[in-house]
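Q: Residue numbers (this note's numbering), protein chains in the order written: chain A, 212 to 506; chain B, 51 to 434.
These are calculated hints, taken from the structure and not from any lab test. Since the model is a prediction, treat every value here as computed from it, not as a measurement. There's no promise every hint is true.
As the list claims (entries may be wrong) - In silico SDA-like links for lysine to any residue, alpha-carbon gap of 25 Å or less:
1. K278(B) to T224(B)
2. K278(B) to T370(A)
3. K103(B) to D121(B)
4. K278(B) to G270(A)
5. K340(B) to E247(A)
6. K303(A) to R406(A)
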Amino acid sequence: MKNKIAWLSAPYVLWMALVVVAPIIMVVFYAFTTAEGLAQWGEIPITEIFTLDNFARMGTYTVIFARSFQLALVATIVCLLLGYPLAYVMAKEGPGFQRMAMVLIMLPMWVNFLLRTYAWMAILENNGILNNFFEAIGLFDLINRIFGTDLTYFRMIRTQGAVVLGMVYNYLPFMVLPIYSVIIKLDHSLLEAARDLGANSAQVFRKVIFPLSLPGVLSGVTMVFVPSVSTFAISRMLGGNNQMLLGNLIEQQFLGGAYNPYLGSAIALVMMIIVIVCMVVMNHFGEGEEQAVML
Amino acid sequence: MKKITALTLACSLALGLFLSGCAMEESTSGSMSFTAGSGSTAGNNSSSTTGSKREVNVCSWGEYIDESLIDKFEQETGIKVNYNTAPSNEELYSLLQSGGVNYDVIVPSDYMIARLISEDMLQPLDYSKIPNYEKIDEQYKGLSFDPNNEYTVPYTWGTLGIIYNTTMVDEPITSWEVMFSDEYAGNILLIDNSRDAFGMALYYLGYDVNTTDEAQIREAAQLVADAKARGVYDGQGMDEVFQIMEGGNLAIATYYAGDFLSMHENNPDLAFCVPEEGSNWFVDAMCILKSAKNVDEAHEWINFIASTESNLANMDYIWYASPNAEALEQYPAYYEETYGEPLDQELYEIMAAPKDVLARCSMYENLPAETLALYNDLWIELGI
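Could you build all of it, start to finish, from the sequences and the hints given here?
A: Right, dumping it as C-alpha cells:
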C-alpha cells in the first residue's frame, strides 16, 4: 500500500533536487575552485583546478564569523526568553485566546519583511518616532536636568542593539509556534500523575513540561538561529552596515566591485558547516527525549 | 512522534518559503523585475523570431525613468517594453555574469561600460538607426569609456558631492575634509561602496582617483578607516540616505547630485556641494548587449529615449542632467511652463554642473582586476 503512493512524492523530490541539492553542489564546486583555475580548464590536470585557496583566506574573516554567531545567539536567546512563556501561556488559555494570540503573531508576517524593517528605521531614527515621543513627554529635558547632559536623542538605529531587535522582531514567531504546538499536545494525564506523586507547580514544569517541550524548543532555536546568522538586510538597514556580518561579507563577494563567487561560496560553505555542527551539538541536549527533526 | 515530525516539517517548509522570500527581497530589485505595460514576463524569454510580437528588454536603475515614456513608446511603435531594474552597476554585472537574464538594452555607468567593453559583452551600435544621437552634446562623446563612440548613447550625467543639512552645520561645507575630521563626528553617513568612499579620500589626499598605486589606495583607505575608528561616521548607507537626510537624522552624507535634488524637494534645509578638491562626475549610457535578441527594437528604444522630448520628461522626473544639448538648454523654460514658476538657478547648476565645476571633477575608469580586488579587501577590512 505504502509503495503504491510513493510516486506522489516525486514532484517534491524533483523540486528538492533542483532547488536544494543542485545549488549546494554548485556552492561546493565554486568553493573549491578559482576563476584562474577554471580559465585553465582542460589545460592543467583536473586535480590542480580544485584548490583550497579560498579557504586559506578565511582567517581574516574570523571576527566577522564570531560577530555573526554572537549576534544570532543573542537574538535566539532573547526569542527563547520571550517566546517560551508566550507559547506556554497561549497553550494553557482557552481556544478564544489562542485564536486571538495566533492572529496577532501571524499578522505582521502578512506584511512584507522589508516594509516591516523600513518601519523600524522610521521608529528608531535619531529624529524618528520614538525619539520624538521622548522629546514630547520631556524625557530628554528631565535627563539633561538631572545629569547635566545635553541629550537631544537616544542613539538607537545603526547600533548592534538595533540589529538584534530586528532579528528578534522578525523571527520571534518561528520560536513561538513550534513550542506552542508541542505544549498544547502534552498529555494532561502526565501532568496529573506528576501532581499526584507530590510535585509542586515548579517541579511539574521543570521535570515534566519543559523536558517534553524540548523538541519544540530545538525546532524554534534552529528556525531563529539559522536566518539570524545569515541575514544581511537587517544589518544593513538597522545596523547602518557599521560592522559586517556574514551575510554582508558573502554579498560583498557577489555584488561588490570584485566579483568573486568562488570566495563567496567558500564563506557560505564554511558558514553552513558551522551551523550544522551547532545543530548537531544542540540536538545532543535533547537526546533521550523525542527528537525534533533538525534541519 | 509522527505528528511532531510532520509539524516540524511543515514549519521548516514555511520557514523555507519565508527565507526564500527574504532572499528575494534582500537582493531587492536585483533579481526581481517588474514588467511595465500589460504583458507577461513570460515574454522575456521568447525570441523575436516570429516577428509578430516585437519587444525589447531594458534594464536600468530604480526610479531612473519617467515611466510614462514607456507607455508612449509602446503606443508609438507597438513594441512591448519589459522594463527591469538593478540596484547598482556591480549587481548588474553579476546578473549578466550569472547568465540568468536576457536584456537587450542596459544603462551602466562609465567605468562599468569600459569593463563590459573590455570583456566583449557589448555590441557596436548602428548609429544610422539613432538619428537623435546628433543631439547629444560633444562634451559627452568620445569619453574614456568609449573613445571612438562605438558602443554608447549617453543617458544622463551628474556629479558626486556632499549633502548637508544647513540647520545642523555651522558654515557651508566646501571640502572633503569634513568627512575625515572630528568636527561633526557621529553625525555623518559614509557612502556604502568602496569606489566612492575611497574615492573621496583619494581626492582629499590629492591623488588620481583612478590610481592603481597600492600605497596611495592604502593611504586613502586608512584615512577612511581612521575616521571610522574615531567614530566620525554614524553608519554607512546607500538608499538609506534618502530617509536619513530628508528626516534630518544626520547632518552630512555623500551622494549624487540628482538624488540630492529629490531629497531637496522634501527637505529644503539640505544643501549640496562639489568639494573644492574635486569629485567624481559620471555618465550613464545606453548600450546593447552582445547577447541581445531584439537588436532593432533596442535601437528604436535608444533613439526614442535620446530625443529632446524624452530627455526633458526624464530630467523633470529624475533630476539627473541630460546629455542632450537641446533638452538641457530648454529645461528651465520647460520647468517654468510646467510648474508656473522659474527654476532656481542654483538647483539647475547642481543638476547640470557648470564647466568650472566639471573642470575639477574626473571620471572613474575601469580598474584592473588586482586593483578591484585590493579595493574589495580594504573594504572588507573596514567592516571587520
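Q: Hints first: check each against the structure and report whether it holds.
A: Structure-based check of each hint:
1. Taking the CA atoms of K278(B) and T224(B), the gap is near 21 Å; set against the 25 Å cutoff, the hint holds.
2. For the given pair, K278(B) sits about 14 Å from T370(A) by alpha-carbon distance, which is consistent with the 25 Å threshold.
3. Between K103(B) and D121(B), the direct Cα distance comes to roughly 16 Å. Compliance with the 25 Å bound is thereby established for this hinted pair.
4. Pair hint K278(B) plus G270(A) holds up; C-alpha atoms about 23 Å apart against a cutoff of 25 Å.
5. Using a Cα cut-off of 25 Å, the hinted pair K340(B) and E247(A) holds, with the two alpha carbons roughly 24 Å apart.
6. In summary, the hint linking K303(A) to R406(A) is supported, as the alpha carbons are separated by about 17 Å, within the 25 Å threshold.
Of the hints listed earlier, there is not a single one the structure fails to meet.
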